[in-house]
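Knowing the structure of chain A, use the given hints to seat chain B on it.
Sequence order for the protein chains is A and B.
All the letters of the first sequence, read from the start, carry residue numbers 1 to 475 under full-length UniProt numbering.
All the letters of the second sequence, read from the start, carry residue numbers 1 to 216 under full-length UniProt numbering.
Be careful, since some hints might not be right.
As the list claims (entries may be wrong) - Dumping the calculated BS3-like pairs for lysine-lysine here, alpha-carbon to alpha-carbon at most 27 Å: (1) K202/B to K167/A; (2) K269/A to K4/A; (3) K167/A to K65/B; (4) K51/A to K202/B; (5) K321/A to K65/B; (6) K6/B to K167/A.
Unchecked claim - So, partial list: chain B residues that the calculated Cβ filter (under 7 Å) puts toward chain A: (7) P54; (8) E57; (9) N85; (10) S90; (11) S91; (12) Y117; (13) N119; (14) V171; (15) F174; (16) Q191; (17) I196; (18) R197; (19) R214.
Unchecked claim - To be clear about the criterion: a stretch of chain B counts as covered by chain A if any three or more of its residues have a C-beta under 8 Å from a C-beta of chain A, and this derived list gives those stretches: (20) 15 to 22; (21) 30 to 39; (22) 158 to 168; (23) 199 to 207.
Hints were generated in silico from the structure; no laboratory data involved.
What you are looking at is a predicted structure, and each value in this text was computed from that prediction instead of being measured.
Positions of the beta carbon are idealized from the N, C-alpha and C atoms, including for glycine.
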Amino acid sequence: MSAKTLYDKLWDSHLVQQRDDGSALIYIDLQLLHEVTSPQAFEGLRLAGRKPWRVSSSLATPDHNVPTTKKERISGVDGIEDPVSKIQVTTLDDNCNEFGITEFNMKDIRQGIVHVVGPEQGATLPGMTVVCGDSHTSTHGAFGALAHGIGTSEVEHVLATQCLVQKKSRNMLVRVDGELSPWVSAKDVVLAIIGAIGTAGGTGFAIEFGGTGIQSLSMEGRMTVCNMAIEAGARVGLIAVDDTTVEYVKGRPYAPKGAHWDMAVEAWKDLVSDKDAQFDEVVVIKAEDIKPQVTWGTSPEMVIAIDEPIPRAEDQKDPVKKEGYARAWKYMGLEGKTMLSDVVLDRVFIGSCTNSRIEDLRIAAEVVKGRKVASTLKQAIVVPGSGLVKAQAEKEGLHEIFEAAGLEWREPGCSMCLAMNADKLGAGEHCASTSNRNFEGRQGFGGRTHLVSPAMAAAAAIAGHFVDVNEFVKH
Amino acid sequence: MRPFTKHTGLAAPLDLANVDTDMIIPKQFLKSIKRTGFGKNLFDELRYEDEGQPDQECDGRPIRKDFVLNQDRYKGASVLLARQNFGCGSSREHAPWALDDYGFRSIIAPSFADIFYNNCFKNGLLPIVLQAEEVDQLFAEVALREGAQVIVDLENQTVTSPSGATFEFNVDNFRKHCLLNGLDDIGLTLQQDAAIRRYEEKRMNDAPWLFLPRGQ
Numbered sequence: 001m002s003a004k005t006l007y008d009k010l011w012d013s014h015l016v017q018q019r020d021d022g023s024a025l026i027y028i029d030l031q032l033l034h035e036v037t038s039p040q041a042f043e044g045l046r047l048a049g050r051k052p053w054r055v056s057s058s059l060a061t062p063d064h065n066v067p068t069t070k071k072e073r074i075s076g077v078d079g080i081e082d083p084v085s086k087i088q089v090t091t092l093d094d095n096c097n098e099f100g101i102t103e104f105n106m107k108d109i110r111q112g113i114v115h116v117v118g119p120e121q122g123a124t125l126p127g128m129t130v131v132c133g134d135s136h137t138s139t140h141g142a143f144g145a146l147a148h149g150i151g152t153s154e155v156e157h158v159l160a161t162q163c164l165v166q167k168k169s170r171n172m173l174v175r176v177d178g179e180l181s182p183w184v185s186a187k188d189v190v191l192a193i194i195g196a197i198g199t200a201g202g203t204g205f206a207i208e209f210g211g212t213g214i215q216s217l218s219m220e221g222r223m224t225v226c227n228m229a230i231e232a233g234a235r236v237g238l239i240a241v242d243d244t245t246v247e248y249v250k251g252r253p254y255a256p257k258g259a260h261w262d263m264a265v266e267a268w269k270d271l272v273s274d275k276d277a278q279f280d281e282v283v284v285i286k287a288e289d290i291k292p293q294v295t296w297g298t299s300p301e302m303v304i305a306i307d308e309p310i311p312r313a314e315d316q317k318d319p320v321k322k323e324g325y326a327r328a329w330k331y332m333g334l335e336g337k338t339m340l341s342d343v344v345l346d347r348v349f350i351g352s353c354t355n356s357r358i359e360d361l362r363i364a365a366e367v368v369k370g371r372k373v374a375s376t377l378k379q380a381i382v383v384p385g386s387g388l389v390k391a392q393a394e395k396e397g398l399h400e401i402f403e404a405a406g407l408e409w410r411e412p413g414c415s416m417c418l419a420m421n422a423d424k425l426g427a428g429e430h431c432a433s434t435s436n437r438n439f440e441g442r443q444g445f446g447g448r449t450h451l452v453s454p455a456m457a458a459a460a461a462i463a464g465h466f467v468d469v470n471e472f473v474k475h
Numbered sequence: 001m002r003p004f005t006k007h008t009g010l011a012a013p014l015d016l017a018n019v020d021t022d023m024i025i026p027k028q029f030l031k032s033i034k035r036t037g038f039g040k041n042l043f044d045e046l047r048y049e050d051e052g053q054p055d056q057e058c059d060g061r062p063i064r065k066d067f068v069l070n071q072d073r074y075k076g077a078s079v080l081l082a083r084q085n086f087g088c089g090s091s092r093e094h095a096p097w098a099l100d101d102y103g104f105r106s107i108i109a110p111s112f113a114d115i116f117y118n119n120c121f122k123n124g125l126l127p128i129v130l131q132a133e134e135v136d137q138l139f140a141e142v143a144l145r146e147g148a149q150v151i152v153d154l155e156n157q158t159v160t161s162p163s164g165a166t167f168e169f170n171v172d173n174f175r176k177h178c179l180l181n182g183l184d185d186i187g188l189t190l191q192q193d194a195a196i197r198r199y200e201e202k203r204m205n206d207a208p209w210l211f212l213p214r215g216q
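Isolated chain A (complex conformation) (with noise of 0.2 Å):
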């Protein structure tokens, strides 16, 4: 039999019935649903009179337009301010009660961003089929899942039969080689990738991330690299099982137990890419070539390392970059400034499904520990992935950390990622983000993101302007 690679395998193992034009039905084992997307779908349910094929494949819990303020949150759904918004809410619990679906409601301490929920409740497993309505959903490939998102149609198409139409995507491998530097992250070295490889760059291809650079990362790590694999064009991001993901699995309350416990751990050691598999294309990178990232403009693929100047447009070739990079200076209000430190920041958040995991807060606590907030800052909020990371941070005393530095506290939530709820940046206000997306209006009308790792958040939240970490913390 030829060589595999994990993307072969995993969709070998997957694969219901394959047709002639090259589509596929595949079988998926865990949907996520959050209330965003999924309105929609359970209505397209009842129009047809339709059940979900197998109601134990879904996990629920609302995240996207939750507020993120104590007061707020206190009283569940009911003290959503906005009624929009509580509508959304309301309809997703409702949804899950009427189809028998499990859902972590606000009240409910495993509530929290669908993407840090699955795998902290081990809900998420290697060699899965992962989908949920939302982009991000690559995030749990770093279990060597085979996860991506999708819109409500397939949804509700996944919710009916269990299956999604789905056509192969194409091998690619992006190896990280060497070691990283002290303070680079899992999100630089993902930036940095898509700074490479450009956001369209995996259109088509399924992302392996791979090499000693990866394989040295926690699994926090591995799924801060994977979430952004849409952002360089893939849906789908994986990393080969290892002792780090067992071992991150072990336990869980969804992770499977006793004999079977032994039995998937025996199965999930194959969910490795054979060492002879052929990829369409391959990728590398020296991991100490990778410095600090910030992103500039308004697509993440305009990023550059904190030391080196912005790009101009007039230095640009391809014309239809030198349009883009032109809008971007002019939207990011860039004239008259040379290097990312120039920008004086008006806030600064550090949440999301990229980074709001308790390794995010804790290196990020380390670097404001002991100092204070620039005053020239707004605002600097910490909006924790779930309610256990939540839980977890302040049994470690890290929300004492933050708050005695003059970051707010919060719920958890999406948050000011796309700033669905209050939390959003005003027009023309400068915000350093461990979010994902730095797309125009994308955080707030008007609003200019620069995406950065927790530990360069946190150091410019305390400089007021961007500084590279490792230097920051030397002072």
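Structure of chain B alone, referenced to chain A:
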């Protein structure tokens, strides 16, 4: 789903690469629990000068006059000409819902983001990938003459430019079949229920832990 067979319509050129789904329909409009009504907020931040709110009347809002859809000559456009990587970003199906609700039937670009491309087919909206030079030619021809129409023929997989040039495009057979006949693909998949059950039985044997009640 509304079938798509052949469509002749006014083409509007959106000359911008990497148009993301946040541009197509900003987040504040995603709070709706319906599939309809997004057309008035399509490209909201590109189209209007102020920040739009859900349930707001859009008629009196200040518009950005230079935006393509605000120009009189492109009123009633039903074919959108776009640049590379159109629809990148989030998986929100509200993006094709908004394009459809506005009145677009087809989008022509040199490349699309995967999830967006896929979502279009579920909504009777036909995304077409043409060569970059072909898209350039369409942009040029449409700019040349007001009211220039483009013909999109799914059956024959061709796009005909205002001057009569014909370009061929690829589309998966299954998607084409569903779109031509306006078929609900959930119904089609459910016809394969025996195959799905067979797969489940095998999988239950190979990986029983995936089928246990949670936490056991």
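Holds or violated: P54/B as interface residue toward chain A, Cβ cutoff 7 Å? holds (5 Å)
With chain A as the partner, please determine if R197/B meets the hint condition of a C-beta pair closer than 7 Å. Violated - the Cβ of R197/B stays beyond 7 Å from chain A, reaching only about 10 Å at its closest.
Can the segment 199 to 207 of chain B be counted as covered by chain A under the rule of three residues or more with Cβ-Cβ separation shorter than 8 Å? holds (count 5)
Would the stated hint for S90/B survive a check requiring a Cβ distance to chain A of less than 7 Å? holds (5 Å)
27 Å limit on alpha-carbon distance, applied to hinted pair K202/B and K167/A: holds (22 Å)
Is the shortest C-beta separation between F174/B and chain A less than 7 Å? holds (5 Å)
Given E57/B as an interface hint, is the shortest Cβ-Cβ distance to chain A below 7 Å? The hint is violated - E57/B has no Cβ within 7 Å of chain A, the shortest such distance being about 16 Å.
Take the C-alpha atoms of K51/A and K202/B, compute the straight-line distance between them, and say whether it is at most 27 Å. Given that 27 Å is the threshold and the Cα spacing comes to 23 Å, the pair holds.
Is the hint on Q191/B kept, meaning its closest Cβ partner in chain A is under 7 Å away? Status violated, d = 10 Å.
Check whether the Cα positions of K321/A and K65/B lie no farther apart than 27 Å. holds (24 Å)
Status of the V171/B interface restraint (C-beta, 7 Å, chain A): Given a least distance of 10 Å, the restraint on V171/B is violated.
Under the criterion that the straight-line Cα-Cα distance not exceed 27 Å, is the pair K167/A, K65/B satisfied? violated (41 Å)
Hint violations for this structure: numbers 3, 8, 12, 14, 16, 18 and 22, all remaining hints satisfied.
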